[in-house]
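Asker: In case you want the letters, here they are:
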Amino acid sequence: MKKLIAIISLLFASFAANAASQGSILVKTVAEQEQIVTAANGSKSTVLAPAKSVLPGREVIYTVTFENIGHEAASDVVVTNPVPEHTTYQPGSAFGPGTELLFSIDGGRSFAPAAGLEVHEHDGSVRAAGAEDYTHIRFVLKNSLTPGAVAFARYRTLVK
Amino acid sequence: MMSVRNKLKTLALTGFALGMTAAALPAGATGTAAGTSITNRAVVSYSVGGVSQTSINSSPTGNSTPGVGSSFGADTAFVVDRLVNFTLTTVDTAAVSGTPGQTLLVTTFLVTNTGNDKEGFALSAANLVGGTVFSGGATNTDTIDMANVKVYYGPDATSAYSSGTAVLGNPDNLAADAGRRVFVVADLPVAARNADGSNVRLTAKAAVAGSAGATLETATNAADTAGSVDVVVAAAVASTTAGVTTSLRTTDSGYTVSAPTLTVTKAEVVISDPVNGTTNPKAIPGATVEYTLTIVNTGATTANGVAFSDPMAAELSLAQNVYNTNQNVTITVGASTRYCTAEAGTDTNTDGCVFSASALSVNPATPIVIPTGANNTAVVKYRVTIN
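Chains as they are written, first to last, in my numbering: chain E, 4 to 163; chain P, 3 to 389.
No lab work stands behind these hints, which were simulated from the structure alone.
Ideal Cβ positions, reconstructed from N, Cα and C, are used throughout, including at glycine.
Be a bit skeptical, because a hint or two may be false.
Claimed, not checked - Label pairs and their computed distance ranges (CB to CB):
1) P:Gly245 / E:Thr149: 51 to 57 Å
2) P:Ala216 / E:Val40: 36 to 42 Å
3) P:Ala244 / E:Ser46: 46 to 52 Å
4) P:Thr91 / E:Glu135: 29 to 35 Å
5) P:Ala224 / E:Thr149: 16 to 22 Å
6) P:Gly71 / E:Gly101: 24 to 30 Å
7) P:Ala244 / E:Gly110: 48 to 54 Å
8) P:Ala240 / E:Ile72: 43 to 49 Å
9) E:Lys47 / P:Asp226: 16 to 22 Å
10) E:Lys47 / P:Arg195: 56 to 62 Å
11) P:Val169 / E:Glu135: 39 to 45 Å
12) E:Asn44 / P:Thr160: 39 to 45 Å
13) E:Asn44 / P:Gly245: 32 to 38 Å
14) E:Gly111 / P:Asp226: 28 to 34 Å
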């Protein structure tokens with residue numbers, strides 16, 4: 004019995020240490036641009052390359068990769084990503100396999116599906132929110148992320 | 003695991019390709035300023051075993067350390083590069099009209115910085131030789147050459163040329179989307195004739211701001227990096243020589259000459275001779291002959307100060323006191339007739355008419371002005387006697 008308690012407390016100790024230094028999910032964001040690559044046979048293909056040569060009017064694709072590096076399934080996984088300053092969200096571009104898409108137009112305070120968002124203008128009029136109004140994009144994973152599983156969420160922006 | 007990841011990526015890219023078109027560069031709009039760092043940090047919240055965990059911020063390489071706030075995770079960032087782009091247009095809607103010998107004739111252009119950083123420009127202008135180039139949209143044959151071609155720039159994008167504000171040289175430090183009027187100033191040769199045309203070409207190259215046009219903007223050739231502000235020369239202005247890409251635009255404007263065109267005809271009529279009197283007189287010694295000079299202005303502008311000289315053979319003498327009692331030259335422009343006296347030797351009455359060195363010189367103190375249109379003809383008469 005004593006031995007068991009010792010083991011349990013040891014387990015707890017290691018879990019506490021883990022909680023402070025490492026969570027169960029590895030989160031990575033990359034900014035990329037489409038690049039057209041011409042193969043030796045002349046065929047062209049579009050690949051993603053890290054965003055380096057970025058000018059106003061160019062498109063930058065953000066991809067958030069989240070991997071369960073823990074030993075238990077992660078549930079209620081929600082990825083929230085602010086639309087970067089100086090960029091505009093490209094309508095219809097948000098995409099995450101197995102996720103529900105929500106948007107915020109108030110700096111991330113509230114989120115709703117795109118269809119339900121309305122902008123209240125200063126003059127009292129109300130209009131449907133457009134892509135340029137989005138401040139944050141939220142990807143809500145419908146299922147649990149099992150240990151070792153990788154999911155990702157992606158959207159496109161246009162540099163203003 | 004890798005296979006699942008790859009499958010997902012492929013799927014996502016395919017989904018994206020549908021209905022998405024490559025975005026074009028906005029024309030003439032100030033974009034995000036060069037050097038601006040664009041940052042992004044995602045946050046993931048999750049539960050394990052039904053217990054909500056501390057959220058985790060993203061980093062470019064992957065972060066798993068939980069924590070809320072900017073000290074956790076790291077920004078995924080890149081720096082906006084510098085776009086070198088500009089437009090150069092002529093503001094003139096027609097060739098600029100000038101008179102022969104007129105100096106400081108101004109054609110007007112507009113250079114606009116359409117890049118995303120402040121820019122300087124190296125400007126040069128040249129007279130074009132021959133060809134058919136600018137005449138306010140129509141082609142115009144280039145028949146003469148402008149002299150003393152210089153380039154000035156104005157204080158803003160709208161002010162017309164003023165010698166008080168125009169500055170000789172290269173405009174510098176134009177903010178993104180800012181424009182400057184550019185003036186090509188040149189002289190028309192005296193030899194120009196009515197309806198002659200001349201074209202000038204303005205060349206602009208983007209130059210590093212602060213260099214007063216001395217250092218041209220050059221595209222960064224080395225591999226781009228996310229953290230550096232690289233120079234990209236827009237395709238619309240790019241000019242590559244031996245692997246070095248700079249920028250270049252040219253635009254033409256033109257001049258047209260508006261001048262009087264005078265045609266002179268001289269007619270003679272024998273008035274009388276010592277044998278026949280005024281009945282069928284013949285040109286024999288002692289006969290009087292009347293010369294009529296008809297000067298017609300078929301040009302575009304009034305001819306001011308028309309003067310002429312008519313050398314006379316030694317066998318002829320100017321007839322005196324034949325018009326208006328005691329005068330010997332009549333000058334008629336339109337309906338108005340006046341007279342002058344061409345004295346022999348010296349113009350003692352300073353009326354501008356004199357007969358000396360075997361030539362009649364008519365350059366009246368009150369100048370002969372021949373307009374265009376209805377009264378475009380001057381008629382000058384004088385008589386001679388055959389010695």
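Asker: Honestly, do P:Thr91 and E:Glu135 meet the 29 to 35 Å range at C-beta?
Answerer: At roughly 31 Å between Cβ atoms, E:Glu135 and P:Thr91 fall inside 29 to 35 Å, so the hint holds.
Asker: Given a hint of 43 to 49 Å, does the C-beta separation of P:Ala240 and E:Ile72 actually sit inside it?
Answerer: About 47 Å separates the Cβ atoms of P:Ala240 and E:Ile72, which means 43 to 49 Å holds.
Asker: Taking 32 to 38 Å as the hint, is the beta-carbon distance of E:Asn44 and P:Gly245 inside that range?
Answerer: Given range 32 to 38 Å: violated, Cβ gap about 27 Å.
Asker: Okay, P:Ala244 versus E:Ser46 on CB: inside 46 to 52 Å?
Answerer: violated (31 Å)
Asker: Look at the Cβ atoms of P:Ala216 and E:Val40 and judge whether their distance stays inside 36 to 42 Å.
Answerer: With Cβ atoms ~39 Å apart, the hint holds.
Asker: With respect to the beta-carbon atoms only, verify the hint that P:Gly71 and E:Gly101 lie 24 to 30 Å apart.
Answerer: Given about 29 Å between the Cβ atoms, the range holds.
Asker: Can you tell me whether the CB distance of E:Asn44 to P:Thr160 sits inside 39 to 45 Å?
Answerer: Given a distance of about 55 Å, which is not inside 39 to 45 Å, the answer is violated.
Asker: Is 16 to 22 Å a correct range for the gap between the Cβ atoms of P:Ala224 and E:Thr149?
Answerer: violated (45 Å)
Asker: Quick check on a hinted range of 39 to 45 Å for P:Val169 and E:Glu135, using CB atoms only.
Answerer: holds (41 Å)
Asker: If I claimed the Cβ atoms of E:Gly111 and P:Asp226 lie 28 to 34 Å apart, would that claim hold in this structure?
Answerer: Given about 32 Å between the Cβ atoms, the range holds.
Asker: Is 56 to 62 Å respected by the C-beta to C-beta distance linking E:Lys47 and P:Arg195?
Answerer: The hinted range 56 to 62 Å holds for E:Lys47 and P:Arg195, with Cβ atoms some 59 Å apart.
Asker: A range of 48 to 54 Å was offered for this pair. Does it hold for the Cβ distance of P:Ala244 and E:Gly110?
Answerer: Hint holds: Cβ distance 51 Å, inside 48 to 54 Å.
Hints 3, 5, 12, 13 from the list above are not met by this structure, while the remaining hints are.
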